[in-house]
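Participant: Sequence:
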Amino acid sequence: MKERSNRARPAALGPKIRELRQQKGLSLQQLAERSDVSAAAIHKLERSGMVPTIATLMKLATALNRPVSYFVDEASVVERPVVFTPAGHRRPVYTSKAGLELRSITGAYGRFFMAGAAATVSPHADSGRKAMEHPGEELVFVVRGTLDFDVDGVTHRLGAGDALHFRTDRPHRWCNPT
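Residues in the sequence shown are numbered consecutively from 10, following our numbering.
These are computed hints drawn from the structure, not numbers from a lab. Hints may be right or wrong, so weigh each one.
[Unchecked claim] The list that follows gives simulated cross-link-like pairs (lysine-lysine, DSSO-like), each with its CA atoms no further than 27 Å apart:
| no. | residue 1 | residue 2 |
| --- | --- | --- |
| 1 | 25 | 68 |
| 2 | 68 | 53 |
| 3 | 139 | 106 |
| 4 | 53 | 106 |
| 5 | 106 | 68 |
| 6 | 53 | 33 |
| 7 | 33 | 68 |
| 8 | 25 | 53 |
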């Protein structure tokens, strides 16, 4: 188990970005193309300890298939091979989508490759007109209500107890029709 400091260390962002980019076998240019952040800016972040804007960090996190919290929260986390998250201790997860509230059900991300979140989707909320595509997978499980989920041009209406699992490199979007 690795003990971590309770203080965030912005200078640690660059090495994390570089390490993850290299683990994924990406060149600076490839990450630049995936993230819409210039290769020069990525190089500067990785090497100089420069702190990125939240918008830049969000682009890089998406391109590297990690939540923003992977880069900023891990400094205060004790890494464990097993994480128990009691219902009353679910942390909010940042989202820019109106009408969507996310709470982590997998605790701190550490070095895990999978993360889970419980979502509450307001009536008539949606993910936007443009379909999303990003590396990874999603597992959607509806506890109550109805959710329309379009994946690769096929709409699935999910009700209580229904599940949908798909690779997120396919165009996808969702809406709450109620």
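Participant: Does each hint hold? Answer for all of them.
Facilitator: Structure-based check of each hint:
no., hint, in the structure
1, 25 - 68, "holds, 15 Å"
2, 68 - 53, "holds, 16 Å"
3, 139 - 106, "holds, 12 Å"
4, 53 - 106, "violated, 30 Å"
5, 106 - 68, "holds, 15 Å"
6, 53 - 33, "holds, 19 Å"
7, 33 - 68, "holds, 16 Å"
8, 25 - 53, "holds, 13 Å"
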